[in-house]
Amino acid sequence: MGVFWSRGLFGVAGWVSLIVLGGVVVFWPLWLSVFLCFGILVFAWNGRNRRQSGSGDFMRGVFDRMRARMLAPFMFADLSRSRQDIPVSGNTAFEEWRTSELSLLRQQYEKIEDVERAFAAHTRQIQLLRDREEFDHFMAAQSLPKGTP
Numbered sequence: 328m329g330v331f332w333s334r335g336l337f338g339v340a341g342w343v344s345l346i347v348l349g350g351v352v353v354f355w356p357l358w359l360s361v362f363l364c365f366g367i368l369v370f371a372w373n374g375r376n377r378r379q380s381g382s383g384d385f386m387r388g389v390f391d392r393m394r395a396r397m398l399a400p401f402m403f404a405d406l407s408r409s410r411q412d413i414p415v416s417g418n419t420a421f422e423e424w425r426t427s428e429l430s431l432l433r434q435q436y437e438k439i440e441d442v443e444r445a446f447a448a449h450t451r452q453i454q455l456l457r458d459r460e461e462f463d464h465f466m467a468a469q470s471l472p473k474g475t476p
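Each residue of the sequence shown is one higher than the last, beginning at 328 in this note's numbering.
Keep in mind that the hints were calculated from the coordinates and are not lab data. Glycine included, each C-beta is placed from N, C-alpha and C at the ideal position. Among these hints, one or two may not hold up.
Just the calculated beta-carbon pair ranges, DEER-fashion [as the list claims (entries may be wrong)]: (1) 426 x 397: 22 to 28 Å; (2) 387 x 435: 46 to 52 Å; (3) 351 x 416: 23 to 29 Å; (4) 363 x 461: 29 to 35 Å; (5) 464 x 385: 21 to 27 Å; (6) 440 x 418: 30 to 36 Å.
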């Protein structure tokens, strides 16, 4: 068996490893495309990431959920829940001021979230109206007699 592996300049194992590495180096675009297609399929088959109306909504939703997960530890609600009862300074006046300021920030944050949800609903409504108008235009064009352009 030692003779088999030592044949030639590099030996069989050397040639096999050289061929495999050469194939990866030469055909890297093929491997990259396979990797990217597999990644797209993973996103496409995930039940939570179903494609919605609009071309960019799917990926926008993916990145919004990813951003929300990354920012979750830093949100005011999480900070207030975990550290509300823990005194930071031991000064009660400061703790009262801190609690009131955190509640004001929480209210402002909730107001911003409400406006963001209302705007998202508004843009969805506009998209639905635009889609309805395009469909009505298409149906009107389909109902024309055959000789008319």
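Evaluated hints:
no., hint, result
1, 426 x 397: 22 to 28 Å, "holds, 27 Å"
2, 387 x 435: 46 to 52 Å, "violated, 25 Å"
3, 351 x 416: 23 to 29 Å, "violated, 59 Å"
4, 363 x 461: 29 to 35 Å, "holds, 32 Å"
5, 464 x 385: 21 to 27 Å, "holds, 26 Å"
6, 440 x 418: 30 to 36 Å, "holds, 32 Å"
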